[in-house]
Amino acid sequence: MSVINTNITSMIGQSNLNKSQNALQTSMERLSSGLRINSAKDDAAGQAIANRMTAQIGGLAQAQRNANDGISLAQTAEGSLNQVNDNLQRIRELSVQAANSTNSEADLQSIQDEITQRLSEIDRISEETNFNGTNVLASDQSLSIQVGANDGESIEVNLQEISSATLGMAQFNVTDMVYSDNLSETTEVTAAVAPEWNEFSFVEDASAVYTIAVGEDNALYVQSGGNTYYSATFNAADGTITVNTAQASGLAIQSGATYFDTAEGTVQVSDVSGSMVASQDLGDDFTVIMDNTSAGATVFYAESGGGTFYAASLNAETGAIEVGAAFSTAPTTGTAVTEDQVLAEIGTAAVEADLTTVNAALDTGTNTLQEIGDTGEYLVRNEDADGNFTYYAAEVDTATGVVTVDTDTEVVVDPLASIDNALSQIDALRSDLGAIQNRFEDAITNLNTNETNLSAARSRIEDADYAVEVANMTRAQILQQAGTSVLAQANQIPQNVLSLLG
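Counting in our numbering, the sequence shown runs from -6 upward without gaps.
FYI, nobody ran anything at the bench for these hints, they're computed from the structure. Note that the structure is a prediction, hence the values are computed from the model and not measured. Warning: the hint list may mix true and false statements.
Estimated spans, in silico, between C-beta atoms of each pair [to be verified]:
#1 Ser424 with Asn128: 20 to 26 Å
#2 Leu24 with Val490: 28 to 34 Å
#3 Ser448 with Ala481: 46 to 52 Å
Glycine residues also receive a C-beta, built at the ideal position from the N, C-alpha and C atoms.
Generate coordinates for the entire structure from the input sequences, incorporating the hints supplied.
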């Protein structure tokens, strides 16, 4: 069939030429970009998989940089610890020199002056060692280093405050050395967790002193000078301590002042913060109720067994509880006390409770009172649950037996051993930092291996195979040339009709 309007042969040639042209374009795009997948139309599923792999590869690369930052952090801290170690070594050398009895007081002071400067340098290092804005030795802290491409893949770097205080050397002084073999134990009590104080004493009739102490069995007791013991209980709900009337003979608790045997005596005490109410029941006479919440004279009242009420006050500055004049009716809490109502006598006894002997809280653990030789100077040794010792300056009232502990003043005992403990603390932290550096290096090696393997997997999905693409391009080029030639001939076919018209 000979037609002019529709050249089917030409149309077929055009279609095949377009196909070969598209194939040539695709091959040249892949060869020029190096990628098999240049858009989602090339391989929709492969593009999604490769994109997820790209995210992982980028995360692994950044994680390696993070781990290197972690190494730098540890190296910064470890380098400063090396300087602290050098200062401690010099302090130990000076302490050995100071232990020699041939030194004069001036010599010891000169040695102490250098030690003080060395300790100040340790504190400066602690405060100023900085990595990218973080003071690495100024506080106990944990820094998280992200060493993975996903959530939760991190390594914790645990840092410690390293200063003269945390090393137990803030009060280090070679001019007045104390050695443990020169200490003798005199009393042992166990600090309770609940009460916020160590002892509470009050005076009745200006002659008998009552002291509440903690026994070595972790229970509370009241002891008399005649070795009469009364058990006591602590009520955590209202902060009171009740002394029971029954004796508890033979219990090993703190020796101290003389106690008066009150058959119906009940003592309730609280700490000096004023958060609780304390009361003292003196036999059948009356009950004193006090409120130590203010610095001035805040009024409560004392009630006698006969229903008579008396003014009562507490001055928080002196710690004195005072019972004053009688009232016909019970006053309300907070009623003011006038000057002439202070310290009135009830029967034959003027009642005055002295809170000045309330001590600051000691750490939970076993506390032992120790005397330094025969000097009359005392320390309290606190032993915690881990067997670590801390020594505090203490004073003992020889008249009452009351021990006052200065928890703000730690005393260095066995100076060379103290320095060795400080060196051990430095060594332990340096070991941790060294180990964490090795761990980061291992993490970097593993991350690099994972990144390499994942990159290879992604390459197999999205990278162009040049051998295949060159072959495809050559084929498409040949088809382009052949198609162009054939299309030219196909376009000449309608001219054959002219011969029929001739």
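Structure-based check of each hint:
1. A beta carbon spacing of about 21 Å between Ser424 and Asn128 agrees with the range 20 to 26 Å that was offered as a hint.
2. Between Leu24 and Val490 the beta carbons are some 45 Å apart, a value that contradicts the proposed interval 28 to 34 Å.
3. For Ser448 and Ala481, the hinted distance range of 46 to 52 Å is satisfied, since their beta carbons lie about 48 Å from each other.
Checked against the numbered hints given earlier, the structure breaks only hint 2 and satisfies all the rest.
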